[in-house]
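In order, the protein sequence lines correspond to chains F and Z.
Under this note's numbering, read the first sequence as residues 1 to 115, first letter to last.
Under this note's numbering, read the second sequence as residues 116 to 230, first letter to last.
Hints are not guaranteed to be accurate.
[Said to hold, decoys possible] Just the calculated beta-carbon pair ranges, DEER-fashion:
#1 D98/F <-> A116/Z: 22 to 28 Å
#2 P122/Z <-> N30/F: 23 to 29 Å
#3 T170/Z <-> E79/F: 44 to 50 Å
These are calculated hints, taken from the structure and not from any lab test.
Bear in mind that the values here come from a model prediction, so they are computed numbers and not experimental data.
Idealized CB from N, CA, C, for every residue including glycine.
If you want the building blocks of each chain, they are given just below.
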Amino acid sequence: NAGVTQTPKFQVLKTGQSMTLQCAQDMNHNSMYWYRQDPGMGLRLIYYSASEGTTDKGEVPNGYNVSRLNKREFSLRLESAAPSQTSVYFCASPGQGDPSSYEQYFGPGTRLTVT
Amino acid sequence: AQSVTQPDIHITVSEGASLELRCNYSYGATPYLFWYVQSPGQGLQLLLKYFSGDTLVQGIKGFEAEFKRSQSSFNLRKPSVHWSDAAEYFCAVGVGGTSYGKLTFGQGTILTVHP
């Protein structure tokens, strides 16, 4: 049981290049989330998927697209990378059911640099 | 929309001293409240959470937090800090229902521990 996994761990892109960040969870959770972390700004929600087949914008969706491929996988795509997208990206998936047992499980993160 | 403020960007304490990290939130109803810790280059680890009931919540690593509705606060405390507690700490608020995974994070507080 690996929890939430992300690939790659590190990536360097040139401005204008595209790439897809992969996220998978093996906990059979319904919802999955993508956050970005920037110094002094905490984590900000990019997109989320409340269930398989649905996706919604978060606080900072511009420049990104997502795909909920199946219940396990939720990918984040940068179509034309910009230096402002240099960040650490975290995928997360919360537990479900009784809120008292709730926990948001985070992946290890992808550190992306756009030059 | 909910918001979270962590007034202290950086706190320095001596090992063995007590610690209090402040967190203020804005939300119309009773929120779900969380504290996470992040060591350099690492992912996020849940320290504790509040959903309902007893307003004093115990977490891992000797941390506790108190929910004060009248002050819209959820401050994190530890009676005696260890050098290994040096990290960045994030307060987060979540709403109820099917969107409880949609967390809003504070800006973070960096904790430095002097020997």
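Quick rundown of the hints versus the structure:
no. : hint                         : result
1   : D98/F <-> A116/Z: 22 to 28 Å : holds (26 Å)
2   : P122/Z <-> N30/F: 23 to 29 Å : violated (35 Å)
3   : T170/Z <-> E79/F: 44 to 50 Å : holds (46 Å)
The structure is inconsistent with hint 2 alone, although it conforms to all the rest.
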